[in-house]
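There are 2 protein chains.
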Amino acid sequence: MLIKEKIAQAVGILQEYSIDCWIIFTRESQINGDPVLPFLVPAPLTWHSALIITADGDTRAIVGSYDRQTLKDIGAYDEVVGYVEGIKKPLLEYLQKKNPKTIAINYSKESETCDGLTHGMYLTLVEYLGEIGFEQRLLSAENIVSALRQRKTSIELEYIQEAIWYTERIFKGVSRFISPGRTEEEIAQYIRNEVESAKLEFAWDQKTCPSVFSGPETAGAHYNPTARKVEPGHILNIDLGLKVNGYCSDLQRTFYVLRKDETAVPPEVRKGFDTIVETIEKARQVMKPGVQGIEIDRIAREYIVSNGYNEFPHALGHQVGRYAHDGTALLGPPWEKYAHRPYHPLEEGMVFTLEPRLTVEGYGVATVENMVVVTATGAEYISTPQTQLILIKK
Amino acid sequence: MLIKEKIAQAVGILQEYSIDCWIIFTRESQINGDPVLPFLVPAPLTWHSALIITADGDTRAIVGSYDRQTLKDIGAYDEVVGYVEGIKKPLLEYLQKKNPKTIAINYSKESETCDGLTHGMYLTLVEYLGEIGFEQRLLSAENIVSALRQRKTSIELEYIQEAIWYTERIFKGVSRFISPGRTEEEIAQYIRNEVESAKLEFAWDQKTCPSVFSGPETAGAHYNPTARKVEPGHILNIDLGLKVNGYCSDLQRTFYVLRKDETAVPPEVRKGFDTIVETIEKARQVMKPGVQGIEIDRIAREYIVSNGYNEFPHALGHQVGRYAHDGTALLGPPWEKYAHRPYHPLEEGMVFTLEPRLTVEGYGVATVENMVVVTATGAEYISTPQTQLILIKK
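From first to last, the protein sequence lines stand for chains Y and B. Per the working numbering, the first sequence starts with residue 1, numbered consecutively. Per the working numbering, the second sequence starts with residue 1, numbered consecutively.
Think of the hints as simulated: they come from the structure by calculation, not from any bench. It is possible that part of the hints are untrue.
For identical chains, the list gives no copy identity; a pair is met inside one copy or between any two copies.
Straight-line C-alpha distance at most 27 Å; calculated DSS-like pairs for lysine-lysine [unchecked claim]:
#1 337 <-> 97
#2 229 <-> 109
#3 72 <-> 229
#4 207 <-> 229
#5 109 <-> 89
#6 288 <-> 97
So here's chain Y without its partners, still in its complex pose:
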């Protein structure tokens, strides 16, 4: 079972980073859920709850009495303690007994997926630990959470590939649906219907999943599909992600709508698209464990610029997992908002998107998003890479 597998993985990561103890401290997890929880529990937690994993392999959950049975049933924790009035007593008793020298908790300035502890819960924990003089032992669990999220097990990779498979199937269908006169919104609605009838789940908010952008006057990424009509001579692109068994895909495909008299793609459109395809392949070829994401992003960014285009206003690629935007390490530039994320070295098992973007003046935005997994020696596509513009002829 995946939860047991990830908890065992966490014990190994604690040993690797020489951290004695990791506490996930949360409450009403359907409201302020720590993003690491789905790896560790099968259902939301209601009252103040502590999941405690130690480097010596001890695993314990201290939860409200009503959540106890659900956690006991999965058999992933050595001990599940239920309380009625408050968590402080069982929590402090256990910590005093174990006496860990370092206690990692989920906060991070640079990585949102490692930043699941709210500030109010942090203050509560500091107050409790202060009573036994342990408050100075706290440190960020960023390394633990990052490693846990990024080192995909074979089950996790299978789930991601299943999400990719469904996404690519929908891209095939939509390429027959797109035609001049249809609006971005109609194309999005076609996709939504396909997703619904296959009882699939979207990987992010439906306002922008799918995104559909047609022609030279589009709003740019993260904007909802509009009533803008597809016209001959438009470059059109679609961004779509699905979630299967809790794991995501995130892919983009680019289409070109041929004009009446056109038998081939205009050279400037072809050049733009080919530049994107070449950029992705160049980036993939330099990816391997130990290389920093900033290096990959720089090679891609420079290649785009050297071909006469503006650089893309975002990172080259992000990790994918339980979220479409997952993990800490990023294939990104050294911008303030990315903090140190572009400097993290790649590791085997990481899943990344590669999604450069450029504007072909007068036609629209060329952008392809493929997905790759980092292997022991390089990186391999786990989606079918788009190498040809999808032509719309009608």
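Based on the hints, put chain B in the right spot on chain Y.
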């Protein structure tokens, strides 16, 4: 539009509490979403984002460039600023110009719905504000968020009543479906099918929504429905909440399964159920603005105990809104995990559940959950109060 209405309400609340400025500071809100965001933005925010509302009525959003258009479109903010590389510069420039003496941010030890700021984002904000010497101006926005969530506008109340209407309709249907031999899980599945075919949304996690508990040997609240069969002589109860337009219901109903030879409910079952009904009505009658929740809980708790039952191991009632468990003020006992929440005075516009519980030995758990709204002078039911056991005769 609801967002404009709630932002205007927020300005008034800032004035009322003499707080100059409120900053909602968030990133990747689909991952670590501040629970106040749905009141203030129409879609998730991706990069570091600041929503700033001041007591003099200034409203401004500073967001990643890709989220700018979506926020501009709703017309709820005086200014929407988009950035590419980082939020620090536009954020500090604005704050220096406005020079607020107090800056409220979303953290709270006692209320999870007011605790949307993660600890990592708190550290980032303190670091930024430190550069202009403003870091000492920070304080908790708990009062602001609590007031905003609890003072339901007429639109919000309408949405909640719609969710209640659907929930009660499903309770009517399920009372015809329950019969001896059916399992808890089958009954839950019947409800899930009804909810799905009506294209409705559950108010909380489907593992325990609905919950179905039959007979004397049930697992207790928050546990999933099991293969336990309904038998004659069982008290059975169901907990179900739905979400309509983003607003929730949360209701429980209790059923009794007559034995073959029974023409009336056994006296101990009737006494238990009637005690629950009387407890709810006694509690409702003392609710009005200014009274503390702990008083209401105490009256209910004492009435249960005075009738010879054990007190219920949870609060008498919680607020309902965008979450089934919403808001800060609570009708609860003075237990550690509830902190000061039971001491908050009631206010007009608050929506509460009333849900005492008691065990009838040998039969099961009697519990009814009704919903009320606090008015200027008292409290009124907004759900149809259950006053009779629903009898299952087959």
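Consistency of the hints with the structure:
1. For the identical chains of this complex, residue 337 and residue 97 are inter-copy neighbours only, at 23 Å across copies versus 41 Å inside a copy, given an alpha-carbon limit of 27 Å.
2. For a Cα distance limit of 27 Å, the shortest separation of residue 229 from residue 109 qualifies neither inside one copy, at 42 Å, nor across copies, at 51 Å.
3. Taking the closest pair of Cα atoms, residue 72 and residue 229 come within 27 Å of each other only across two copies (22 Å); inside a single copy the shortest separation is 55 Å, beyond that limit.
4. Only within a single protomer do residue 207 and residue 229 lie at most 27 Å apart by alpha-carbon distance; the minimum there is 18 Å, versus 43 Å between protomers.
5. Only between protomers do residue 109 and residue 89 lie at most 27 Å apart by alpha-carbon distance; the minimum there is 17 Å, versus 30 Å within a single protomer.
6. Taking the shortest alpha-carbon separations for residue 288 and residue 97, neither the intra-copy value of 43 Å nor the inter-copy value of 47 Å comes in at or below 27 Å.
In this structure, the hints that do not hold are numbers 2 and 6, in rising order.
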